[in-house]
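Sequences listed follow chains X and U, in order. Going by our numbering, 147 is the number at position 147 of the first sequence; the sequence numbering is gapless. Just add 1000 to the spot in the second sequence (first one is 1) and you have our numbering.
Read the hints as simulated data drawn from the structure, not as lab findings. Where is the CB? At the ideal position from N, CA and C, for every residue including glycine. It is possible that some hints are incorrect.
Claimed, not checked - So these bits of chain X aren't anywhere near chain U, every CB distance computed over 12 angstroms:
1. Q7
2. I15
3. L82
4. G88
5. E122
6. R123
As the list claims (entries may be wrong) - Within a straight-line C-alpha distance of at most 27 angstroms, the following computed DSSO-like cross-link-like pairs (lysine-lysine) qualify:
7. U:K1064 with X:K157
8. X:K116 with U:K1008
9. U:K1116 with X:K108
10. U:K1116 with X:K24
11. X:K154 with U:K1157
12. U:K1053 with U:K1030
13. U:K1116 with X:K8
14. X:K116 with U:K1108
15. U:K1116 with X:K116
16. U:K1108 with X:K8
17. U:K1030 with U:K1116
18. X:K30 with X:K64
19. U:K1008 with X:K108
20. X:K116 with U:K1024
21. X:K64 with U:K1154
22. X:K30 with X:K8
23. X:K53 with X:K108
24. U:K1157 with X:K64
25. X:K53 with X:K34
As the list claims (entries may be wrong) - Derived contacts from chain X toward chain U, CB cut-off under 10 angstroms, selection only:
26. L26
27. L28
28. M74
29. Q75
30. Y83
31. E92
32. N132
33. G176
Number of protein chains: 2
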Amino acid sequence: MFDFLQQKVNETISISEEEFEYAKTLFLPKKLRKRRFLFEEGEPCIYTTFVEKGLLRSYTIDEKGSEHILQFAMQGWWSGDLYSFLTGEPSEYNIEALEDSELLLITKESWDQLLKEVPAFERYFRILIQNNLIATQRRLMGTFSATAEERYQKMLKEFPDVIQRVPLHMIASYLGVTRETLSRIRSQITSGS
Amino acid sequence: MFDFLQQKVNETISISEEEFEYAKTLFLPKKLRKRRFLFEEGEPCIYTTFVEKGLLRSYTIDEKGSEHILQFAMQGWWSGDLYSFLTGEPSEYNIEALEDSELLLITKESWDQLLKEVPAFERYFRILIQNNLIATQRRLMGTFSATAEERYQKMLKEFPDVIQRVPLHMIASYLGVTRETLSRIRSQITSGS
DNA sequence: AAATGAATGTGATCTATGTCACGGTTTCAA
DNA sequence: TTGAAACCGTGACATAGATCACATTCATTT
């Protein structure tokens, strides 16, 4: 059960067998079926999760009823709503499984504990968050300088798997356009090549 | 010279006097006059900087010649282009002083050293990056769900000082709109209230 | 103090994308 | 296996914001 976690962690930092044994005790395994929620809008995201298998998303719904997807998550660490996790404040995000998923959950308390007891994990999360920040900055700048089509093409290259596994209207809301617009972009691409 | 740095760091973590003395040796002080560049597009951002005084920005120029501002920086830590700093790759960003500024610079090597020798700094940067990620995610979601005017209003509340100190066309490019659009938004706001 | 360049405002268009509306598939749970 | 959702495509129209063009004011340098 923890093999994949151990492997992933060892890709970035090196920790002793003993330290990993300790880490294991802090996790709560959980299976989440497709279309079920880990957290719904309004509740605090009390866990950060390691996704072993499956696919999830975090999204909000605005006043007009439109969905806006912050992230898709698969194969690895993911804090559905980092702010809510850190502060315990209620989250504006819904965290939903898009496929039957297997997760390892850890509470804020255990996580604090882990970073304190095993400094290598402090480093590990610093690096994870760093990469996430870089990716988010890129995405942000993309929304300013690239057209909807360019963003879609970029996503096709970067996350072809997500695009295969997720309905079109979710891709659209991840890109920040309506499903109609993405539908048109897509038919235009296929006709033009 | 290092007082403000020490104060800032102590707001989030606690380090010994000795550790701080060590940290001090790693910094390179630098004054940068208004409209001068710390790094220009194409060069690697070999320093991450602590801003003691002044105001800077990181921005790119796209194929059409439009500027896009990633960040403004004042009073505190700032990695102009985090990706370039970490990898040593040439940056697409220009790092420019918008006011006469006083900086403390640190190279990637010294920074690695610092995080290794003083684990509290590992923690410190994890927290900084974390906060930056949260802010960037918010800004990203804002570009999806809010109109240009709403984003401007939000920025007025969050960074009134930046808006005072920076020309309008830069605010516009930070918000992801043209200067003309922001100009109209602004005149509409003042007339309407 | 002149002069050059930066910054702002504003009108007249243009365009990418949103909105609304409808019909046809596919998926999935009972 | 059937009915209800979810999903996708596409036309007609609306609109926020972009582009282009020009005039005015402000700042900075010599």
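Review point. Are all beta-carbon distances from G88 (chain X) to chain U longer than 12 angstroms?
Key: Nearest chain U Cβ is 14 angstroms from G88 (chain X), so the label holds.
Review point. Within 27 angstroms, alpha carbon to alpha carbon, are K1064 (chain U) and K157 (chain X)?
Key: Cα-Cα ~24 angstroms, so holds.
Practice item. Measure nothing beyond the straight line between the CA atoms of K30 (chain X) and K8 (chain X); if it is 27 angstroms or shorter, mark the hint as holding. Key: 19 angstroms, holds
Check your understanding: Under the criterion of a CB-CB separation shorter than 10 angstroms, is N132 (chain X) in contact with chain U as hinted?
Key -> 6 angstroms, holds
Review point. When you check the alpha-carbon spacing of K116 (chain X) and K1008 (chain U), does it fall within 27 angstroms?
Key: 22 angstroms, holds
Check your understanding: If you draw a straight line from the CA of K64 (chain X) to the CA of K1154 (chain U), is it 27 angstroms or shorter?
Key -> With a Cα-Cα distance of about 19 angstroms, the restraint between K64 (chain X) and K1154 (chain U) holds, given a limit of 27 angstroms.
Point to revise | Claimed clearance of chain U by E122 (chain X), with the beta carbon kept past 12 angstroms | key: It is violated; E122 (chain X) is separated from chain U by about 5 angstroms at its closest Cβ, not greater than 12 angstroms.
Check your understanding: Is the straight-line distance between the alpha-carbon of K1030 (chain U) and that of K1116 (chain U) 27 angstroms or less?
Key -> With a Cα-Cα distance of about 25 angstroms, the restraint between K1030 (chain U) and K1116 (chain U) holds, given a limit of 27 angstroms.
Check your understanding: Within 27 angstroms, alpha carbon to alpha carbon, are K1116 (chain U) and K8 (chain X)?
Key -> 22 angstroms, holds
Check your understanding: Straight-line Cα separation of K30 (chain X) and K64 (chain X) no greater than 27 angstroms?
Key -> 33 angstroms, violated
Point to revise | Interface hint status, Q75 (chain X) versus chain U (Cβ within 10 angstroms) | key: 20 angstroms, violated
Exercise for review: Verify the proposed pairing of K53 (chain X) with K34 (chain X), using a straight-line Cα cut of 27 angstroms.
Suggested key: Measuring from Cα to Cα gives roughly 12 angstroms; hence the hint holds.
In this structure, the hints that do not hold are numbers 3, 5, 6, 11, 18, 26, 27, 28 and 29, in rising order.
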